[in-house]
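Trainee: Chain by chain, the residues run as shown.
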Amino acid sequence: MGIDFNREVDRVARLARLSLDPDEKKHMADQLSDILETARRIQELDTSGIEPTSHVINIPVAMREDEVKPSLPLSKVLQNAPRRENDYVKVPRVTPPASNEEGK
Amino acid sequence: MELFEYSAYELSKMLQRKKTSSEELVRSYLKRIELINPRVNAYITATPALALDTAQSVDNKRIRGEELHPLAGIPVAVKDNISTAGIKTTCASRILEHYIPPYDATVVKALNRAGMPVLGKTNLDEFAMGSSTENSAFFPTRNPWDLEKVPGGSSGGSAAAVASGMAPLALGSDTGGSIRQPAALCGVTGLRPTYGRVSRYGLVAFASSLDQVGTLALSARDTALLLNLVAGPDPHDSTSLPDRDRDYIDNLTAGVENLRVGVIKQNVADSFDREVTAAVLKAASLLESNGARVEKVSLPMIDYGLSAYYLIAPSEASSNLGRYDGVRYGYFAPGKDISEMFCRTRGEGFGPEVKRRIMIGTYALSAGYYDAYYLQAMKVRTMIRREYEEVFKRYDILIGAASPTPAFKLGEKTGDPLQMYLSDVCNITDSLAGVPSLAIPGGFHSSGLPMGLQLTAAPQSERLLLQVACFFEQHPETKPRRPELDFIESPPEEGGM
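Residue numbers (my numbering), protein chains in the order written: chain S, -12 to 91; chain Y, 10 to 506.
Same shape as in the complex, but just chain S (with noise of 0.2 angstroms):
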């Protein structure tokens, strides 16, 4: 039984914020479909009872004390953003204008 990507690939590329131009969904669709099919062999196994794994070699919680230590200047930080103004970095607008702001 195989897996038809095509009617999960506008969902999952929404949800990953990637725009995909027609083509490239087609030929996409197909290819997670093939490679899903690989990975699906995993359900073949048994499981119950077996804790997934968290961290692959068991070594205790790193700890330190909560102490201020000196980081990178802002100007270092914000030196490889496309788009900055003053000390930020400038996006569009991110909520939809209030009703009372139309035609402003």
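None of these hints come from the bench; they were simulated from the model.
All of these numbers come straight from a predicted model, not from anything done at the bench.
Yeah, the Cβ is synthetic: ideal placement off N, Cα and C, and Gly gets one too.
Heads up, some of the hints might be wrong.
[Claimed, not checked] Quick look at which bits of chain Y chain S covers, simulated, 3 or more residues with Cβ under 8 angstroms:
1. 177 to 183
2. 334 to 347
3. 359 to 367
4. 377 to 386
[Unchecked claim] Capping the alpha-carbon separation at 30 angstroms, the derived lysine-lysine pairs in DSS-like fashion look like this:
5. Y:Lys345 with S:Lys63
6. Y:Lys345 with Y:Lys274
7. Y:Lys345 with S:Lys12
8. Y:Lys402 with Y:Lys274
9. S:Lys56 with S:Lys77
10. Y:Lys97 with Y:Lys70
11. Y:Lys402 with S:Lys77
12. Y:Lys418 with Y:Lys291
13. Y:Lys118 with S:Lys56
14. Y:Lys488 with Y:Lys418
15. Y:Lys97 with S:Lys56
16. Y:Lys345 with S:Lys13
17. Y:Lys291 with S:Lys63
18. S:Lys12 with Y:Lys70
19. Y:Lys97 with S:Lys77
20. Y:Lys97 with Y:Lys27
21. Y:Lys418 with S:Lys13
22. S:Lys13 with Y:Lys422
23. Y:Lys40 with S:Lys63
24. S:Lys12 with Y:Lys418
Start from chain S and add chain Y according to the hints.
Mentor: Quick look at chain Y alone, frame taken from chain S:
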């Protein structure tokens, strides 16, 4: 003999005896890069001025009689997904094409502290996702043994650079075979250390529970030298192992007598190239005739490794690569609102393989599928780890092929992602188990290409792996060799490029 033909260990001795200088060494490698890189394309960015600066400063310290690290003055190449302050770190992706990190990775700090001149940043599959270096957004790297063949991947640039004498040592990263498979295809020694043995701080994240920085070198001794420098705990990486190992060099010549060796049945499979499986069996009998106890051993969970890996790694990647949104760094495409900006930035900035993996991972983590895919894969990973724990009660070392075939042709697998994924089938399960794994030269195929052996041991047994590797280096059939590079004589326009 030219300088680039020596091992890092020999070069280190020459520097200490003042038979050469670091500047002379760096100039020799830069000349070599100028000559060979246009054909092999191992480097994305060369950093000659910086390398010469470091070399001159080390030479001055040596003249003044200051105490220096054994690797001081020895040049090194760094995979371009490892952050270098002030030097472009592209991950071979359009989305980071102009990115200049504001800080050094912990391993790069170690190179700088030791006074190792960095020759440049090496090519890789975009974000280390691939097995041939053909997924680089810029250009493919070619195998110095045969320019029509791939060098493997994703650390194909580092492997090709070391194999062709464009660097004596290189750093790479290995998530599901990205050091070992290219090492096998280029005939060099590639170590994936125990998960956590080397700091990941500053390694651009792909799949955090699997990513590991490691080394590419010409010998076990050179590997040990570099590992001595980069291994150890790091307060910036909470997953780094808290203790420090003993020196990796002092036991190198201890031999293989009485070692319990398991030949992994699944890694000498019928579907593999016959000469590759024959080379593994020959290597095993070499161990046996030198006093090791050798048996065949089956690890049935290996058959599920690839499936589990291609759910776990893409899932973690889909989360890690969420940070490329055009806001703080990287490529940016405008949009009428922030969502369109995100979608267009990512749609235009990422290449096809990265998009595929983000899609698989997003799907496997999405509501309704999480239990059946990601959670099941992480339970299977526990089963894999238990199988390894059991087998290491009976064996000190496991041996198998490091790649099912020698290097394949450029373009041969680019149209079929699953075929490409299968070229890591020997390497992936060791990654899932978190154990150290080493690819070493294992003789030559009738096609003239190198074949690789893979040695695996229990967590934190790097010393043992290097000891066995050193044994193989003493034998004519598994001795490391360098490619002829007959293409150097012909002008770059010719030779079927």
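Trainee: Run every hint past the structure and note whether it holds.
Mentor: So, going through the hints one by one against the coordinates:
1. 177 to 183: With 0 residues in contact (Cβ-Cβ under 8 angstroms with chain S), the coverage given for the region 177 to 183 of chain Y is violated.
2. 334 to 347: The restraint on the region 334 to 347 of chain Y holds, since 13 of its residues have a Cβ under 8 angstroms from chain S and three suffice.
3. 359 to 367: holds (count 5)
4. 377 to 386: Our answer is that it holds, as 5 residues pass the Cβ test (under 8 angstroms) against chain S, meeting three.
5. Y:Lys345 with S:Lys63: holds, 28 angstroms
6. Y:Lys345 with Y:Lys274: With a Cα-Cα distance of about 57 angstroms, the restraint between Lys345 (chain Y) and Lys274 (chain Y) is violated, given a limit of 30 angstroms.
7. Y:Lys345 with S:Lys12: holds, 23 angstroms
8. Y:Lys402 with Y:Lys274: holds, 18 angstroms
9. S:Lys56 with S:Lys77: Status holds; Cα separation ~28 angstroms.
10. Y:Lys97 with Y:Lys70: Within the cut-off at roughly 28 angstroms; holds.
11. Y:Lys402 with S:Lys77: violated, 57 angstroms
12. Y:Lys418 with Y:Lys291: The given pair, whose Cα atoms are some 26 angstroms apart, holds under the 30 angstroms limit.
13. Y:Lys118 with S:Lys56: Given pair Lys118 (chain Y), Lys56 (chain S) holds - Cα atoms ~18 angstroms apart, limit 30 angstroms.
14. Y:Lys488 with Y:Lys418: holds, 25 angstroms
15. Y:Lys97 with S:Lys56: holds, 27 angstroms
16. Y:Lys345 with S:Lys13: Within the cut-off at roughly 26 angstroms; holds.
17. Y:Lys291 with S:Lys63: violated, 55 angstroms
18. S:Lys12 with Y:Lys70: Answer violated: Lys12 (chain S) to Lys70 (chain Y) is near 58 angstroms, above 30 angstroms.
19. Y:Lys97 with S:Lys77: holds, 23 angstroms
20. Y:Lys97 with Y:Lys27: This hinted pair is violated, its Cα atoms lying about 33 angstroms apart.
21. Y:Lys418 with S:Lys13: holds, 27 angstroms
22. S:Lys13 with Y:Lys422: holds, 20 angstroms
23. Y:Lys40 with S:Lys63: Judged against 30 angstroms, a Cα distance of about 34 angstroms means the pair is violated.
24. S:Lys12 with Y:Lys418: With a Cα-Cα distance of about 28 angstroms, the restraint between Lys12 (chain S) and Lys418 (chain Y) holds, given a limit of 30 angstroms.
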